[in-house]
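A.B. asks: Following the hints, put chain B in place on chain A, whose structure we already have.
Number of protein chains: 2
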Amino acid sequence: MTDTLFELNGGRYQRPIKPLVVVCIDGGDPAYLEASLEAGVIPNTARFMKDGFYTVVDGTVPSFTCPNNMSIITGSQPEVHGISGNFYLDPATREPVVMTGPELLRSRTVLAEYARCGLKIVSITSKDKLRQQLQKGLDLSQGHVSFSAQYADRCTLAENGIENVLDYVGMPQPDMYSPELSLFVLEAGIRLLQDRRPDVLYLSLTDFVQHKYAPREAEALDFYARLDDAFGRLAELGAVVGLTADHGMNDKAKEDGSPNVIFLQDVLDQTLGKGQTKVICPITDPFVAHHGSLGGFVRVYCNQGADAEAVIRIARSLSGVESVWDRDSAARVFQLPADREGDVVVVSEAGTCIGAAEAEHDLEGLKGHRLRTHGGVSEARVPFIVSEPLNDAYWIRAAGGRLRSHHIFEFTANGTVR
Amino acid sequence: MTDTLFELNGGRYQRPIKPLVVVCIDGGDPAYLEASLEAGVIPNTARFMKDGFYTVVDGTVPSFTCPNNMSIITGSQPEVHGISGNFYLDPATREPVVMTGPELLRSRTVLAEYARCGLKIVSITSKDKLRQQLQKGLDLSQGHVSFSAQYADRCTLAENGIENVLDYVGMPQPDMYSPELSLFVLEAGIRLLQDRRPDVLYLSLTDFVQHKYAPREAEALDFYARLDDAFGRLAELGAVVGLTADHGMNDKAKEDGSPNVIFLQDVLDQTLGKGQTKVICPITDPFVAHHGSLGGFVRVYCNQGADAEAVIRIARSLSGVESVWDRDSAARVFQLPADREGDVVVVSEAGTCIGAAEAEHDLEGLKGHRLRTHGGVSEARVPFIVSEPLNDAYWIRAAGGRLRSHHIFEFTANGTVR
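Taken in sequence, the protein lines are chains A and B. Under the numbering used here, the first residue of the first sequence carries the number 99, and numbering increases by one thereafter. Under the numbering used here, the first residue of the second sequence carries the number 99, and numbering increases by one thereafter.
Keep in mind that a hint or two might mislead.
Said to hold, decoys possible - Simulated crosslink set (DSSO-like; lysine-lysine; CA at most 27 Å straight-line): (1) A/Lys227 to A/Lys465; (2) A/Lys352 to A/Lys465; (3) B/Lys148 to A/Lys116; (4) B/Lys148 to A/Lys148; (5) B/Lys227 to B/Lys372; (6) A/Lys218 to A/Lys376; (7) B/Lys352 to B/Lys465; (8) A/Lys148 to B/Lys227; (9) B/Lys218 to B/Lys116.
Don't read these hints as lab results, they were simulated from the structure.
For reference, chain A alone in the conformation it holds in the complex (with noise of 0.2 Å):
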């Protein structure tokens, strides 16, 4: 055992023995893995899984992105690092903001740590609106590479530490909605670590192929072939190698295909009058054809006047509610960030989605495909695989059964030094 480099958020990080990949795979439900060990696809993952270590533990709830990506990448809770959503309402000015900003991350990152310890960084995201938050904290003028495949075309030295992409990768520019947004941030990753043997990669996916795709769906099972060909020529190249997701993925369409949504907005609005409550979606992004803004999960803010106990008491009556909080309740049991917190929080079951106002929502994109989200606790359960096998001490510790996926780097780094 080498000695500890750095603490963090009470995690201790040693010097990886080898390079050190750890790849975010968004959405990735252990169902997609079950799916595709089925249908004998994934060879390197399940090699992986069998001779390495593999448990399915719990994410962030919030079962979004960016909560999760930040968990990840600071080994901590929400609490701790204060991104607790992809938006927040402003309690001052009572309007939504986006919560992708560096400076509401209230954490340093593993990645600056170890930059910090001399180790070179590669971070590369599918979307950029990870892309900050990721390289909160390293100078990309010593060397770091930080960019994402959405502005792969627009990379910068002094903004990414990297320039020509495209031409680097050998990929043209892939589209926002399309398998190889994913697949690019994983050949940047493998010719980063061929070229320029960085110590530590984080690569970070996108969600669309599950987003549309059931896991046995042709499609799904294709995308997780592509993904472990890559997961495999890393480990090829001497990684080690480690897999999580930010979250799961549910189908919550009814049978005739419809999405099955609350939306909650009307409802309040209905009940409690016009302007009393605000709905807020956490899991909106720019980008929203998939999944139409709609999740497991939304905050209600109360307007001077508004009762968040006649919310509570309404939302808790719904059908395809799972469950509803107060706001202390709810940073509470969900490790959230209490002033980033809405009044109440609604949490859906896994066949159900829930919405503002339904004139909010666009739901153009999800013709001819059935609605499948995540954001609730039912999407929370995510794998944690590493490629190699863990030493005894790591092995233990996970046998003890309170490991997360915020543990991943720590378990993937430390595990596996011998």
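C.D. replies: Same frame as chain A, but now just chain B:
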């Protein structure tokens, strides 16, 4: 793969290829495994975990003994099998009723189904309270055995399918408050396995040790070493062994060592008035010295005129409460039978427990040790161990992440058929 012998509650059960032993380690929190692995005192269990199959899964909430034992032997949740606590309030008489009567069990059991298919069954429990439900549907004149260590000294052929058990096992009658009450169960199972070669054994232990000692205390490590020795002998005798727990265990004492209790009945009496509500602690059984009937999950019944909404509001405001549910929500989220549910369910956080009125709890037996108990969501994570590797079909199913403790019979039996 052999054919399906029977189907029960969605599970398909094949003929086990060798004697099948499932052990329910009462209070067997994963933390005890972690501590015992660290101390190196459970070599057989460590081998099962490394060479066989191991993961951590959710059990049934409330995380009490009766509901979880019934989940395990029926392969279902309480909404199916009906047993949602050790106690419930009879809606007609408004009196607490012990829930151990076989007539309250609404499902056939895996044990009875195996028996119907001609297999020989042994069911041994530490405390007699479980015995009648465990043996429901077993005709003890047909060579099956069912008894409790508690009443080992009064077994009869007619009632238990065995007599002179103390002589047969070669141990004295164990004390109700002793590690030997569990060890007797295992020794009896081993003796019967050697002697009569039954096909299926269910061995249900008791959590006296875990209530009293934290995972790293010498008494807990010694107990686990003795359990491990018995597990090793079961495997040596040619059995495939499945290990799970009914629930975990958490320290619920304050810094000064006194129990960290919310006496909810007192709170409700003070706020709503005496006689308005009735708090039921479904952990209650006649042997309470080690936990004083304090657990992490209570039911509140509202008498005529009392308002469940008021109870919910009050309970939610109490420090140490994790979640509060109305009847329908509790039934839905925890898969409980609504007709046996309280008007309100209150679940405590890991470090807190909930009682009824202070005057109703005898905490005398707690003197000299910290309160350790269970019942809530925090104590519902349990180990899931199979002594042999799973075949591909079951290994892949496990990878899907929906494994629960009630799958232990199916996975131990079918999962090791090659």
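A.B. asks: Hint by hint, say whether it matches the structure.
C.D. replies: Hint check:
Under the criterion of a C-alpha separation no larger than 27 Å, the hint pairing A/Lys227 with A/Lys465 is consistent with the structure, at around 25 Å. Restraint check for A/Lys352 and A/Lys465: satisfied, since their Cα atoms lie roughly 14 Å apart, inside the 27 Å limit. Between the alpha carbons of B/Lys148 and A/Lys116 the distance comes to roughly 25 Å, so the proposed pair stays at or under 27 Å and holds. Taking the CA atoms of B/Lys148 and A/Lys148, the gap is about 11 Å. The hint holds against a cut of 27 Å.
A C-alpha spacing of about 32 Å is found between B/Lys227 and B/Lys372, which places the hinted pair above 27 Å, so the restraint is violated. Annotation: proposed proximity of A/Lys218 to A/Lys376 is violated, straight-line Cα distance about 44 Å (limit 27 Å). A distance of roughly 14 Å separates the Cα atoms of B/Lys352 and B/Lys465; the hinted pair therefore holds under the 27 Å criterion. Distance restraint check for A/Lys148 and B/Lys227: the Cα-Cα separation of roughly 41 Å exceeds the 27 Å cut-off, and the hinted pair is therefore not satisfied.
Between B/Lys218 and B/Lys116, the direct Cα distance comes to roughly 12 Å. Compliance with the 27 Å bound is thereby established for this hinted pair.
Violated hints for the displayed structure, listed by number in ascending order: 5, 6 and 8.
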